[in-house]
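Trainee: The residues making up each chain are set out below.
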Amino acid sequence: MLANIASFSVPKRGSAQEECEDSTWVGPDGLGAGEFDINRLRIVVADGASESLLAGRWARRLTSTFGTGKSSTRAKPNFIATYNTAVDEWAKEMDEYEVEREERGSPIQWYEEPGLAKGAHSTVVVVEIFDGKQGIPPFWRAAAIGDSCVFQVRNEELVASFPIQEEEAFSFSPSLLSSRGGENDVIRRHIGLTGGAWDHEDSFYIVTDALAAWFLRIARNGGHPWEPLRDMNTVDFDLDFESWVNAQRDAGDMHDDDTTLVRVDLY
Amino acid sequence: MYSAEISRANPTCFVFLLDQSGSMQDQIGSGEGQRKCDVVADALNRLLFELGIKCAKEEGVRDYFYVSVIGYGINVAPALAGPLAGRELVPLSEIAASPARLETRSKKVPDGAGGLVDQEVKFPVWVDPVANGGTPMSGALNRAQSIVSTWLMDHPGCFPPVVLNLTDGESTDGDPSFPADSIRQLSSSDGPALLFNLHVSSDSSAAISFPDSEEALANQFARTLFNISSTLPDGMRTYTQQQGIPVSDGTRGFVFNADVTSIIQFLDIGTRASDLR
Numbered sequence: 001m002l003a004n005i006a007s008f009s010v011p012k013r014g015s016a017q018e019e020c021e022d023s024t025w026v027g028p029d030g031l032g033a034g035e036f037d038i039n040r041l042r043i044v045v046a047d048g049a050s051e052s053l054l055a056g057r058w059a060r061r062l063t064s065t066f067g068t069g070k071s072s073t074r075a076k077p078n079f080i081a082t083y084n085t086a087v088d089e090w091a092k093e094m095d096e097y098e099v100e101r102e103e104r105g106s107p108i109q110w111y112e113e114p115g116l117a118k119g120a121h122s123t124v125v126v127v128e129i130f131d132g133k134q135g136i137p138p139f140w141r142a143a144a145i146g147d148s149c150v151f152q153v154r155n156e157e158l159v160a161s162f163p164i165q166e167e168e169a170f171s172f173s174p175s176l177l178s179s180r181g182g183e184n185d186v187i188r189r190h191i192g193l194t195g196g197a198w199d200h201e202d203s204f205y206i207v208t209d210a211l212a213a214w215f216l217r218i219a220r221n222g223g224h225p226w227e228p229l230r231d232m233n234t235v236d237f238d239l240d241f242e243s244w245v246n247a248q249r250d251a252g253d254m255h256d257d258d259t260t261l262v263r264v265d266l267y
Numbered sequence: 001m002y003s004a005e006i007s008r009a010n011p012t013c014f015v016f017l018l019d020q021s022g023s024m025q026d027q028i029g030s031g032e033g034q035r036k037c038d039v040v041a042d043a044l045n046r047l048l049f050e051l052g053i054k055c056a057k058e059e060g061v062r063d064y065f066y067v068s069v070i071g072y073g074i075n076v077a078p079a080l081a082g083p084l085a086g087r088e089l090v091p092l093s094e095i096a097a098s099p100a101r102l103e104t105r106s107k108k109v110p111d112g113a114g115g116l117v118d119q120e121v122k123f124p125v126w127v128d129p130v131a132n133g134g135t136p137m138s139g140a141l142n143r144a145q146s147i148v149s150t151w152l153m154d155h156p157g158c159f160p161p162v163v164l165n166l167t168d169g170e171s172t173d174g175d176p177s178f179p180a181d182s183i184r185q186l187s188s189s190d191g192p193a194l195l196f197n198l199h200v201s202s203d204s205s206a207a208i209s210f211p212d213s214e215e216a217l218a219n220q221f222a223r224t225l226f227n228i229s230s231t232l233p234d235g236m237r238t239y240t241q242q243q244g245i246p247v248s249d250g251t252r253g254f255v256f257n258a259d260v261t262s263i264i265q266f267l268d269i270g271t272r273a274s275d276l277r
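Chains as they are written, first to last, in the numbering used here: chain A, 1 to 267; chain B, 1 to 277.
One thing to keep in mind: the hints can contain errors.
List of simulated lysine to aspartate or glutamate pairs, DMTMM-like, C-alpha gap at most 20 Å [stated by the list, open to error]:
(1) B:Lys108 / A:Glu113
(2) B:Lys108 / B:Glu120
(3) B:Lys57 / A:Glu19
(4) A:Lys70 / A:Glu128
(5) A:Lys118 / B:Asp181
Computed footprint of chain A on chain B; a stretch qualifies when at least three of its residues, placed anywhere within it, have a C-beta under 8 Å from a C-beta of chain A [said to hold, decoys possible]:
(6) 40 to 48
(7) 118 to 126
Simulated from the structure, these hints should not be mistaken for lab results.
We put the CB at the ideal spot given by N, CA and C, even for glycine.
Using the sequences provided together with the hints, build the complete structure.
Mentor: Below is the structure:
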């Protein structure tokens, strides 16, 4: 299959790009945007919680581990195994982090201690797209915890919305993966799995919550939210992603939050 | 209303009014021999502690809030101690960076085996207990009105500022209802400013959090403070309900001899962090 991938991210107003707590991983090898002629593709998007310390770092840990690990979209135990790997890697990363802070004369402050003890939190959505082979038609699968979403669009219609289908389902308290780990049974209850077929010329939009809520509202009102996203970064569209997001924020149509879009066009 | 994002690009302000009058020397009714001035100073330090933690990010606290602490007793004046003494409105990052001192306190934490164990934690102190002079509550509310009014001129689209008055309720400079009204009449494009009250009382009647009626309140001072307190907006009412407190459309930002720290959780700065359950 031929996949054309574009990736965009803009922080909430007042934050620098490096303070953005969204993270993306685009396979097959994390190289990001571009055109790929491949037989399987993996995209991971994570959104670190604003009220969580080191949330961006944890989101990056999750996208890296889910991006490079074994497939986590087939079944919940696969997802949990990858998550537990991320938790183990995080523990090592935190040991190094505290040492590094001490060494450069910036020890952990009182206001950081409770947050570090509580752990970092993030959503994650993993999308895998497979080419057809040996009589098996092309298909895709996704796994998610939280409110980062994937939308599948075909022939000007929204044919899949996962894991959220309604704008009203977004809140300040989505399900989140903690860097401290959790009980497998509890995590299992929160994991969403989905999948389906795809056709050539389908598009997938993998987005964080502010853009997802906007997308679902426009779609519910009969609009085509994929139109500006499809044209983003092309000669058909005047605005860059940041300017376009700011215009939606100014109009009161989109929450001022870190905002990420990964667009996948399949041929 | 009450839906504006709180961010560094669109911060809001928090004004704390701290009763430092002579009557604050008396003991609180429901406590274990604690003086009222100790209770309100501790409450304020805890509020600033929680606010700092809420806005903490890697190696710094973000200026989602600007904070004013005004004491009233002998006079009405900024009440932060230490390096921030005399400052009227301070960005939260400076509040976090400059407490008067850091104390070490003991906290019970789970030991992982079903029990509890003592753990030492750092606890910053910004204000010390003071009990001296009259209770110029109206003067303090007027000062808050001035601070909020100035803030709104520069931040017309902010989440509405919050004023929290911590007091034993016995105003000595007139009816506080009028200056309280003038605070609640101030408004950003996102809604009217909010006035909440913590009443610490020598009265030993039961603690009450966020009531919707004055009927159960012990005395006239409590009823006055209830009546000048803002009705909780929808989102804050929801959080109150999640804490197991019954709410109605009339639920007000008023607490009698109880913990008020939960109001920090009323404020949304983005996705809340909690473990899966």
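Trainee: None of the hints should be skipped; say for each whether it holds.
Mentor: Quick rundown of the hints versus the structure:
no., hint, in the structure
1, B:Lys108 / A:Glu113, "15 Å, holds"
2, B:Lys108 / B:Glu120, "9 Å, holds"
3, B:Lys57 / A:Glu19, "10 Å, holds"
4, A:Lys70 / A:Glu128, "11 Å, holds"
5, A:Lys118 / B:Asp181, "40 Å, violated"
6, 40 to 48, "violated (count 0)"
7, 118 to 126, "holds (count 4)"
Checked against the numbered hints given earlier, the structure breaks hints 5 and 6 and satisfies all the rest.
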